[in-house]
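Protein chains in written order, with numbering that gives the first Met the number 0: chain A, 0 to 624; chain B, 0 to 84; chain C, 0 to 118.
These are computed hints drawn from the structure, not numbers from a lab.
Heads up, a few of these hints could be off.
[Unchecked claim] Some chain A residues judged to face chain C by a derived CB distance under 10 Å, without partners named:
#1 THR105
#2 PRO189
#3 PRO434
Glycine residues also receive a C-beta, built at the ideal position from the N, C-alpha and C atoms.
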Amino acid sequence: MPAAPVALEPMRLALVGVPNCGKTALFNRLTGSRQKVANYAGVTVERKEGSFVGPSRGQRYRLLDLPGAYSLTPTTLDEAITRDCLLGRLAGEAPPERVVCVVDATNLRLNLRLVLELRDLGMPLLVALNMSDLARDRGFRLDRQRLEQELGVPVVETVAIRDGGERALLERLEALPPPAARPAADWLDPTFEQIQQTQREVRRILHEAGYTEPARRRALQRLDELVMHPVAGPAILAALLFFVFQAVFSWAAAPMALVDAGVTWLGAALHAWLPPGALNSLLVDGVIAGAGSVLVFLPQILILFFFILVLEDSGYLPRAAYLLDRMMGSVGLSGRAFIPLLSSFACAVPGIMATRTIPNVRDRLATIMVAPLMTCSARLPVYALIIAAFIPNRPVGAFNLQGLVLFTLYVAGIVAAMLVAYALKRTALRASYHPLLLELPEYKLPNLRNLMLGLWERLKIFLQRVGTIILALMIVLWFLSSFPAPPTGSTGPAIQYSFAGMIGRSLEHVFAPIGFNWQISLALVPGLAAREVAVGALGTVYSLSNTGDDVAATLVPMIAKSWSLATALSLLAWYVFAPQCLSTLVVVKRETNSWRYPLIMAGYLFALAYLAAFATFRVASALTT
Amino acid sequence: MGQAIVAGLIVLMAALYAAWALMPAALRLRLARRFAATARRIGRPAWLVRAVGAIERSAQRSLGGCGDCSAASAAPAPQKRLDKG
Amino acid sequence: MSPLRFSLVADDSHSDDTVDRLPSVPFRILMPPVSLSSLRKGARGTVSQVREDPQTLGDEAQSTVSRRLLELGFIPGEALEVVAETWPGGDPMAVRLGNTLFALRRREAGAVLVAVEGC
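Let's have the full structure, built from the sequences with the hints guiding it.
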């Protein structure tokens, strides 16, 4: 039977730790799907909170996952939030009642100092010795009880990536007496001497606790010599990235054909089953042709995310940042900008939010401004569609022409970003110094379970996106494309006479110089909400343009025969630059606290898009006629 | 005729949803609050009041194109508040 | 230009698979400490001091490079080895501090003074 009464209010906990200690895995392990992501009041930092229940007494807890911080003296916005939250300085945020400090058992020398800093602040602490199984397997030795004695705070072993690995933590949490109420902590940045004193104390404690660290495994040592080799390193990076693009095309081909076949079958079946009428057209031309066209690209997006997750989990990315730092420095960006920029390959929104780890505000701003140029996954359906329709599937040496073209598009985005960053840094955002100072964590074999969970999350997000906003826009577009109905005796597809046709025709004047026909011009409008919508919109527009029972024809052959190569290339060039994503602009506004930057960003990106498309169209037209 | 009615309803719902999802977050929150307050005042039918309340709560979270990120969450950030040192 | 070095203890053997630990400092007379920014790949030693570097790392006044270096473990007595350099220019560099790897630019490394081991 429980000894002390269970508190009525859930107890407020906070999770802190240095980066790379496995804190997020532990947070996920504890809270599972009961997570809520929002924003801290007054600042634009993401606030992750979850809840869980103690195993034996039913005590409820609310757990706040604070951003990783090396110390309470912040160098980045993230770290400032962690400090402010712990000290109770955040508006509308009561300081946590107990702090769970996660430390990496394989790197206690780096991790323990923060624990001492928190302890000396008087925070009710519980130390989670994470990755304890890994440490044991690798030969680390530690007397946990001695460590607990020396620290004066409870120390519990956890294995965040394993089922039940949090059990000991939960039991210990419940067993602890409720923390006494204490006044808001006072904090003064420690002097140099104090920091060194703390570090000496850390080493003393580790010595007393019998902490032994084994030598680094020779295989990993050799791997690093290769990966970080001055010449082989960048070559490996380039090869790796290229391999990923090849895989995105070749591995996805079969699944995509499957989805495509399924979608067309469904469309044809529905068209035959329902009597002809408005609903028939809505479902077949609007929903299935529209949303279906986007759904087809799911395999490619999943494969891309698979590789991004593997790279993130493996510990390779900071090494890539190290290799690229000089190049990024030459355009005025910090090497640390590499990781947010790489995240932007998935979606610019988390990439832009990840810039909070860049210390200098001008560096951060420059990175934010170029992040949308990183080819995000939403561009992939557009690229893939055009490449499939216009680039033959021919081998070029060891590679495939389609993969090569895709790679070129990605490189174009990167080169454009570098040029823009250079221009920015030369003019508006001049800053003299770009710090690197990056920890290179040990290599880790990506955890299969986390990988699958990550992909599943991505799948859900994609399906949700298609099933809600994309579907809604496709339905609205169908309506605009079907009404008003054409007058009797008219020739040509009905869509030309509809609202959409009118809008498209008027937009065509703007876009004719760069080779876009009215269908493309029209598709770009809903494409502002999300880039993939353009594919769906083209699907609907062309499906409605079909006279007769050509319903089963897919989009690829249709655009292959109605567009010129110059138009297709021009659209590709447009998409490299165009800011077709409201969400990105919104998040830039949040992160920079003003509308000025998103508007500037939209402005310069549209201008670049138009110029690039114009140049491409003219050159391509000249070369192909 | 029946088809046209069903189709029309679907289009209407889709249009409302699209407008809702794409409008600026602050405006969305304000509208949601106004709806919820009106619903509470009218009081019935009870299920509609609850539904409107749920809409208000969801307006405080993220909506729109990128559903996964907190980026589109409602509370606008007035200014950075970081105590120095 | 290698100054005269006087070693009373034989160098730790490099023939085994393990990575070097803390060398026995009191028994060697080493050259005067040099800045980490001047060391090339393969150099080993121990940290002797972190100089005050007013260069700020972030936007807050207190967040200097040298403070962060201390917090990351660049304290006197800690074993250090330069494990990699990029090409061309050798900047940034990668150092192993104890058991942790860090990538840093020469500019940041300038604040760290190292007592270099004999070869």
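### Message
So, against the hints stated earlier in the document, which numbers end up violated here?
### Response
none
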